[in-house]
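Required output: the full structure, derived from the provided sequences and hints.
Below, each chain spelled out in residue letters.
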Amino acid sequence: RKEVEQDPGPFNVPEGATVAFNCTYSNSASQSFFWYRQDCRKEPKLLMSVYSSGNEDGRFTAQLNRASQYISLLIRDSKLSDSATYLCVVKAGNMLTFGGGTRLMVKP
Amino acid sequence: DAGVTQSPTHLIKTRGQHVTLRCSPISGHKSVSWYQQVLGQGPQFIFQYYEKEERGRGNFPDRFSARQFPNYSSELNVNALLLGDSALYLCASSLDGTGTYEQYFGPGTRLTVT
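Chains as they are written, first to last, in the numbering used here: chain A, 5 to 112; chain B, 60 to 173.
These are computed hints drawn from the structure, not numbers from a lab.
A few of these clues could be false.
Stated by the list, open to error - Lysine to aspartate or glutamate pairs mimicking DMTMM-like chemistry, simulated, CA-CA at most 20 Å apart: (1) K49/A with E161/B; (2) K46/A with D86/A; (3) K89/B with E134/B; (4) K83/A with D43/A; (5) K111/A with E19/A; (6) K95/A with D155/B; (7) K95/A with E113/B; (8) K46/A with E161/B; (9) K49/A with D155/B; (10) K95/A with E161/B; (11) K111/B with D121/B.
The structure displayed is predicted, hence computed values, not measured ones.
Take a look at the structure:
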């Protein structure tokens with residue numbers, strides 16, 4: 005079993021749609037949680053951190069459920085520019101563990 | 060300020076050869092981590108170095124080695140290359156090795172082994 009699991013997708017959605025991604029992790033000692041965005045053939049970039057209380061950044065909302073070891077990302081009012089791979093990441097100590105990524109394609 | 064830089068951008072090697080990849084962290088950053096990203100998968104942690112010492116190692120064979128220099132730049136070496144080593148190799152830098160600070164990724168080196 006992978007340490008961080010994500011549905012690989014792709015998720016094909018029209019502009020303006022709301023889309024949700026989920027992620028589960030197996031290491032209960034994980035301390036910090038993130039969503040990264042990776043465009044095709046580019047490096048990953050931090051999208052947002054994820055907190056137990058839930059947090060929002062514009063159209064993006066992230067949630068963490070430590071008891072279920074489950075992380076989510078909600079994107080509202082999808083834009084064409086949101087098309088990318090979204091990587092769920094957990095950190096234990098100083099090591100980042102990435103999920104396989106979920107690919108999002110936003111269509112006109 | 061320049062971000063994390065990596066060289067070369069692309070590289071083609073033959074099975075059995077060795078390769079050296081280079082990384083320069085953001086100015087002021089003292090920790091460098093290396094990741095391997097095979098096509099269609101997420102990055103996998105290989106090494107972390109802080110103050111020239113190895114602080115973490117992922118599940119990779121001994122063919123993979125790295126070092127960090129006094130100026131905090133780093134090299135990743137891979138010996139006896141296999142076809143399966145074909146991947147994007149990413150370097151990330153952070154202020155220190157505690158895990159407190161964000162890791163910033165470089166553009167990566169795309170290695171193809173034929």
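**Study point:** Numbered hints the structure breaks, given as an ascending list
**Key:** As far as the earlier hints go, not one is violated by this structure.
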